[in-house]
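Trainee: Sequence:
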Amino acid sequence: MEYLIQKLREIKLDVKRKRNNDVNKKDKAKEMEKYVGCTIPTTVTIQPPKRSKNKVSGKRIESEVQKALEQHTKKPRYCKICGGRGHDSRNCKGNTEEKGSFHKPRYCKNCGGQGHDSQNCNENVDDTYEDNDQSYNDSDDDGKS
Numbered sequence: 001m002e003y004l005i006q007k008l009r010e011i012k013l014d015v016k017r018k019r020n021n022d023v024n025k026k027d028k029a030k031e032m033e034k035y036v037g038c039t040i041p042t043t044v045t046i047q048p049p050k051r052s053k054n055k056v057s058g059k060r061i062e063s064e065v066q067k068a069l070e071q072h073t074k075k076p077r078y079c080k081i082c083g084g085r086g087h088d089s090r091n092c093k094g095n096t097e098e099k100g101s102f103h104k105p106r107y108c109k110n111c112g113g114q115g116h117d118s119q120n121c122n123e124n125v126d127d128t129y130e131d132n133d134q135s136y137n138d139s140d141d142d143g144k145s
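According to UniProt numbering, the stretch in the sequence shown is residues 1 to 145, in order.
Careful, some of the hints might be misleading.
To be verified - List time: in silico BS3-like cross-link candidates among lysine-lysine, alpha-carbon distance up to 30 Å:
1. LYS7 / LYS18
2. LYS67 / LYS53
3. LYS59 / LYS74
4. LYS16 / LYS26
5. LYS28 / LYS16
6. LYS16 / LYS34
Just so you know, the hints here were simulated from the structure itself, not pulled from any lab data.
Remember, predicted model here, so these are calculated numbers, not experimental data.
Make a model of the complete structure from these sequences and hints.
Mentor: Pasting the structure below:
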């Protein structure tokens, strides 16, 4: 119990010292004024800074690439059938017979017929090899021995 009373007295003394320090702060301020050679002003004349304008005009700045793309104009299409501009040979309103003249006719390598290729040929593929005396397997055997 005595320990508790002693601690309370110490706390009380600490509080009194702190109050005296507040009075001493005023004295310290006066000492600093004497040391520096000027007095502390009573009114503050410093104003907060003006707010800067963070918001821009709202218009996005375009890059050089975007400006170049906007200035670039696309060439008009040129039709090889009628020679007109604005469309190409795929959607030309000209004669349909002329459209087909640009494509080569298909020839079959198997039968020599026109209008289809060798993949869609109805002829038998084995008939084309009847003229050869050697088969594929015979040529492989001759090379080994």
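Trainee: Hints the structure violates: just list their numbers, smallest first.
Mentor: none
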